[in-house]
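A.B. asks: Sequence:
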Amino acid sequence: VQLQASGGGLVQSGGSLTLSCAASGSTFSLGVMAWYRQAPGKQREAVASMSRGGRTNYADSVKDRFTISRDIAKNMLFLQMNSLKPEDTAVYYCNSAPAGPPASWGQGTQVTVSS
-9 VQLQASGGGL
1 VQSGGSLTLS
11 CAASGSTFSL
21 GVMAWYRQAP
31 GKQREAVASM
41 SRGGRTNYAD
51 SVKDRFTISR
61 DIAKNMLFLQ
71 MNSLKPEDTA
81 VYYCNSAPAG
91 PPASWGQGTQ
101 VTVSS
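Quick note: the sequence shown uses the numbering used here, first residue -9, plus one each step.
Because the hints were derived from the structure by calculation, they are not lab data. It is possible that part of the hints are untrue.
Keeping only pairs whose Cα atoms sit at most 27 angstroms apart, straight-line, the calculated BS3-like set for lysine-lysine is [said to hold, decoys possible]: (1) Lys32 <-> Lys53; (2) Lys64 <-> Lys32; (3) Lys75 <-> Lys53; (4) Lys64 <-> Lys53.
All chains should be built: construct the whole structure from the sequences, respecting the hints.
C.D. replies: Following this line, the structure appears as structure tokens:
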């Protein structure tokens, strides 16, 4: 499976962004999909996940601000991010949960929130 995240950018604190992830290849095997992020000097962390049935889970740090969604038919995953904070600055990735092999990560998309 190839995963490509997009939609990042520079936004002021309090602003919004929507990230998209396109999956291609053997997508029939995708179950739970998730958004992850990695800030400079920190470990990659999961921020939101969604099952094929629509069950969602969020990290406490983004709960009530971020919304994950997916279009299974189009093999797309989305992350609506509202009320962004400088601490949300990171490279955002999409992947399955648990995550696939190292080669599955893709380049991610940079989100920078200015104060």
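A.B. asks: Next, verify each hint and record whether it holds.
C.D. replies: Verification of the hints:
Distance check on the hinted pair: lysine 32 and lysine 53 sit about 20 angstroms apart at the alpha-carbon level, within 27 angstroms; holds. Between lysine 64 and lysine 32 the CA atoms are separated by roughly 32 angstroms; this puts the pair beyond 27 angstroms, and the hint is violated. Taking the CA atoms of lysine 75 and lysine 53, the gap is about 13 angstroms. The hint holds against a cut of 27 angstroms. For the hint linking lysine 64 to lysine 53, the alpha-carbon distance of about 26 angstroms falls within 27 angstroms, and the restraint holds.
Comparing the model with each earlier hint shows a violation of hint 2 alone; every other hint is respected.
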